[in-house]
Structures are given as C-alpha cells and as structure tokens.
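Trainee: These are the residues of each chain, in order.
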Amino acid sequence: MTSVEVPIAPARTPLAPRLVELLSGDWRYVPILMAIVLIWTLFGVWDPKFLSPRNLSNLSLQSVVTGILALGLVPVLIIRQIDMSVAAVSAVAGTITGQMLIVFDAPVWLAIAAGVAFGAAVGFVQGRWITWTKTPGFLVTFGVSLILAAVQLRLLPATGQINLFGTDLTFLAGSYVDKSLSWGLVLLAVAGFAVFRYLYISDAIKARLPVTIAKNVAAPTAIVLLVMAIAVGALNRHNGVPVAVLIFLVAIIVLSYIGSHTRFGVYLYATGANPSAVARAGVKVDRIRIAAFMICGAFAAFGGILAASRLLGVSAQSSGMGTLLLEAITAAVVGGTSLFGGRGSPWSALFGALAITSISNGIDLLGLGTEVKLATQGIVLILATSLDSVVHNLSRGPSAEL
Amino acid sequence: MTSVTKAMTIVAGLGCAAAYVSPVAALDQDPSLTGSVYMMLPNFTTVRFVQKDAPAFVAALKKYAPNIKVEVVNGESNPQLQQSQVDAAITGGAKAIVLIAADPSLASGSLNAAKKAGIPLIAYEHEASGGPVTYYTQFGALKVGEAQGKNAAAALSDGGPYKIARLYGNKGDFYTRATKEGQDEFLKPLVDAKKVEVVCEDYVPNWNPSDAQHVMEQCLTKTNGDFSAIVASNDGTAEGALAALVSQGLAGKIKILGGQDANVTTLQNILLGLQHGTVLKTYPLLADSAARLAVDAIKGQKPEDGHINGEFDNGFAKIPTAYIDVEMIDKSNVGDVVKAGVWTWKDICTGPVAKTDTCKQHAGE
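Which chain is which? The protein sequence lines are A and B, in order. Following this note's numbering, the numbering of the first sequence begins with 1 at its first residue and continues without gaps. Following this note's numbering, the numbering of the second sequence begins with 1001 at its first residue and continues without gaps.
In case anyone wonders, no lab produced these hints; they're calculated from the structure.
Calculated cross-link-like contacts (lysine-lysine; reagent style DSS-like; alpha-carbon spacing at most 25 Å): (1) A:49 x B:1253; (2) B:1062 x B:1339; (3) A:373 x B:1171; (4) B:1255 x B:1195; (5) A:49 x B:1163; (6) B:1171 x B:1150; (7) B:1255 x A:49; (8) B:1194 x B:1163; (9) B:1299 x B:1318; (10) B:1255 x B:1355; (11) A:134 x A:284; (12) B:1331 x B:1255.
Generate coordinates for the entire structure from the input sequences, incorporating the hints supplied.
Mentor: Here it is as structure tokens:
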C-alpha cells in the first residue's frame, strides 16, 4: 500500500495505481461522500421536501439503528471476520431490556445495561469459540443467529410483543438536544478537533516535514465547522439534534480514537492486515479478535435497544430475520470498510448508513414502490463491494499475485 | 411462560365446559376415531398460530375425537420445509392434515401429495392455492377489510372533508389485495363524493412495523403532517404508524383507524386512546371450525348445515369454505377479546396501561 508499486509497473499509466493508492488511503471516503451528495442532489431536485429540516431529522433517526450495528461490525471486518448475528443480538437485547422494564419494573439504565451486557457476552462466546476451534466466523455467527431467534421467542411474553409506549425507554429515540446546548457542543467539538489536529502534526512540523498549520489544521477545521453548522442548523429548524444521533456520533469519535491512538487499535488493524506477523511479534491475537466480537455484540445490542425505543415496542417480527443484518453489513462496506480486513474506520458506518438510508427514505418519499427500493439496494451493494474488491486486488499489486 | 399454560388451560377448560353443558352439540364426541391429525403451522413470527391457534385446535379436536392425537409442526416460513413435513405426515399415516400454508402460492405440491395419498386436507386461515383442498376455513380477508372500511367510514362521516393516509400490507399477496378491496367498498364512495382525500398510500413490506414507521414518516414529510387519519391494514402496521406519530409529537392528533388481529400492544393503545379500534378474529372459533371439518372429512360425512357458508376459488377449484365472523373492537368492548378467550386481562393490563380505568376495574382477573 506504499508507493513502491508505481516504479514496479512503469509501463502502465501511473494514474490508475495512484488512484488505487489514494482510494485505499487518504481518499477512502471520497466515493461515499460523492455518492451521498449525488443521492441528495437527485432526490432534492426531484422533490425539494427531501432536503427539508423535517425530512433530514427523519433521515438522521432512520440511519442511527443501521449505523450503530454497522459501527459494531467495523472492528470485526477489520480483523477479516464477519458477524452474521448482529440483527439477532439486537432483537434479543431489545427484548431483554423491554422485559426488564415491563415485567421487573427495573430502572431504565439497568435495563439498557443488561441488554448491552448480553450483547457483549454473546460477542465473547462467539469470539472465544471461533478463535478456539478455528471455525470460519461466518458459520459460527450464523448458527448463533438462529439460536438467538429461538431465545427471543422464549423471552417474549405469550402475547408475542412488548409495548414500550409510556415507558422511560422512549427518551432514547424520542428526545432531542436543547438547541443552545447543541451549538455549544458544536463549538466544543470543533475546538477539540483543531487542538487534536495541531497536536497530531506538531511533531511533523518539528521534523520539518511538508505540513503547515493552514493546510493541515485550519482547512480541515473549517470544513468540519461548516458541515456541523449546516447539519445542526437544519436539525434545529425542526425538533433539534436527536439524542440518539448524538450518542451515535460520540461512539464513532471514541471508537475512532481507540482505532488510531491506542495500542489496541494498532494491533486490531495489524491483525486484519497480517495476523501471523502480529502473532510473531508476541501479540495475543486471539484476545484482539475476541475483543472485536465483544465490541460488535455490545453495539448490536445497543442498536436493538434503540430500535425498540424508536418503534415503541418489540415483537417476534423485530427478530433478526429481516433485512437489518444485510443493511448493517452493506452500510459498513458502502462506507469504505473492507470485507478483506485491515482497512476501514468507524466513520464508514456513519457515511454508509446515511447513504443507504437516504436511498430508501427518498424512494418512500417519492412513493416509487418496493420494487425500485429492492433493485436499488441490490445495485448499491454490488457496486460498493465490487469497488472494495477492485481496490483490494489492485492495491496488492501484480507482485502480490506471486 | 406460565401465562401460556394458563391461556391453554383456559381454552381447554372452556371447551370441556361447553361439551358438558350441551350434550346435544351439532357434532357428538366420537371416541372410536383414532390415529393422528397433523396441524402444519406456517412460521414462528406470526405468534398467534403458535400461541393461540395450535392449542385451541388441540383442545377442540379433543372435544370431538378424544382418541385422536394432534401433531403440531412448524414450517419456519419455508415452503420447501413445509412440503417435506406434509410428506412426513403422509408417511406417518395422518388421518387428516390442517394446513396453514407457509407461502399461500407455493402450497400446490403439498395439496397434490395429500390428495394422491387420499388424506383430507383442511386449509386454515391462509389461502392454499393451485391444488385440491377438501375444506377451507378462514376469517376472510375481504370480510376483515369490510369491517375496517365500515368503521373508518363511520369515523370519517361527520364533518370533513378529511385528508387520510392509507397503509396496505405486503405488496402482491392475496391477503393484502382482499383487505384493500374490502376497505375500498366503503372508502371509495367517500373519495368519489370528495368527502375524503387520500394524501398518501403505500404498501408495507412483509407487514413489518418498522417499515410501516418509515413509510409513515415519509408521508408526514410529504404532507407536512397535514392529514387527520391513518387507515392501517393490520395492528403491526398501525403500531409502526403510531411510533412515527409519537416521534413527531402527533400521537392522538392524527387518528389511527383500521387495524386487525387484536394484538395486545394495539389493545393497550386503544385503551390509551391512541388507536381507534381493531378487528378481532376469535381464534378459538376458527380452530373449532377446523376441528369439526377434520372430523367430518375423516368420517366422510357432510358438514352440518350452515357450517360451510361460501366458497373460495383457489385457482384450481371452488373450495367449500367456512367463513368465520369477525368483530370490530374499540375502547367500549375490549372485554369481548377476553370473553372470546383470545387474551386475558392480565395479558392486556401490563405496563403503563395498567393505570387506565378499564384495567383498574379488571385488576386481578
């Protein structure tokens, strides 16, 4: 993934390998961001209501459940694994939280904690089993999803559903950040970003590398400020920034910090890129893998609890047998996390979820029907995974085939 | 799980009591019948089949033929699996098969296999098309749609004109089409008379509540929330629509009409004043009808007068059909659901709804 490949193939046009290098590196978000802009422009021209504050508010909430599941999948995809049980975990966790609230009258924080703990526990068991038996994770987690579907049917009351209307859980998806507070948070986030960027490049400046404060701190900060101001401004013209969206963003920032600034993060990416080399370096690779599955399980569970809060209920129909699993995987991959491991970041969950939710949101708004929605989702999935494959194959370069 | 056993005991108890009190029932108990009858359930997600219909059928058949054993099998939403279960039932010497098709349009193989083996097959609730069927017993999607349409039309007759939104079921399935047709009988005249304007309408994939929520959110965006009622085709989609209204602060301001199944969540929403009503399908009546038809078919006798009250064209033949009555439930008669043996007050009065007057009156029942 370095520029070594360029001199190796001098006969080729240098543009293609350079593009591949950029797409697997600094530019990895460019395709997805362009896609989002394109989708929004198309729908916005077709029906201006698509870009109304009310719809953007809908869109942000509709993206969050898929986004949180996708976020959990990112570390698992990075270590070259996949978790097919996320939707089933989310359904069971929603059921556990709902039952704790309704049957045991538990405080809402405890009910949420129990659901998330269950998700992490499932992740631990899956990760331990996969690393211990060396079975492909795809099969183990798929088996677990079937078991969990059975568990959910057992946990539901005889009526088959739990009504959460009027319970404390509804705050999770149903409340909004105070408008002035949201502006305060924007300023805090932007300031934090600027300081962070500065600290990040200060060593490079000392080393007289070609970086400048204007190019590497001020410009990105201005872009972040602009995007956040537009988003928060639009949401505040409706009900405000949904609390669920805030939680999602904080989770992305935390995970992305862990990914890029901690030893665990370094090992995580290295495990995906070259597991044997990492093991030779004395890292306990299995522990990294188990941790990735636990993060995934916990986020899947939280996503399920959020979904229950949004739908004001849980039923057998909210089980993991629907399209949620595929949507979550699609979101992560569309957003730029590779199915081949080693590449991707938590931000891909946000961008991917936003892109695929925008499509279904727009299609519903225009009343284009189920057929158009299914076909479009299929095309997007194929395009995104194909781009991932092409970039993966080219970035290994011709020498890697030997 | 105690509530399941309890519900089952109640259903069974009612059955026994009825048989004891009226020894001159239309169909007498026949202890000479033996062997097994198979009940083929379609899936696990439509909980009523597992939790309600199956135990009610077991109880009903016990009443008419105490020495016949009922085997309950679940097709897990997979028509191929269901067909192999039908084959297994035939091999196992089934006396009759009660089939709730996993996929109504893919039941042909099962129907023909049963016919070839000479085993009577009763289609139950779901349409089973493209093959021979002995009898069909159902509530009837058209009847349900008519009940929804009549109720909605009544709610929309005073004042107006009204703007409404309509939510249909899964696009392309028979049940969705027939339900809509029933609703249209009552809504179309109002639309033609310009008393009602449909501002948005859409199908909901697999009747999924969370999809219904998305569809309704988009409808609210499109119309800026400017309509006064939603007509939903079943309770799941009505619950999804309500969630959309709640998150936009419109619960109670926009009426929710229609509904079917008498889901517990929906009954709670009705008691809380969030939804107008729902169509009750009294499962024990349907199960009883199927049990009687199964016994008639095994004995090769004609069903008693009036039981078969119509026919249904399944694309292969016109099938003698028993249509079972449905009932519109609203705030005033939620108790009928309990009387019908579908749910208990304890099932209904959990969570925040327990604080309503109706639930307080029935506390401890």
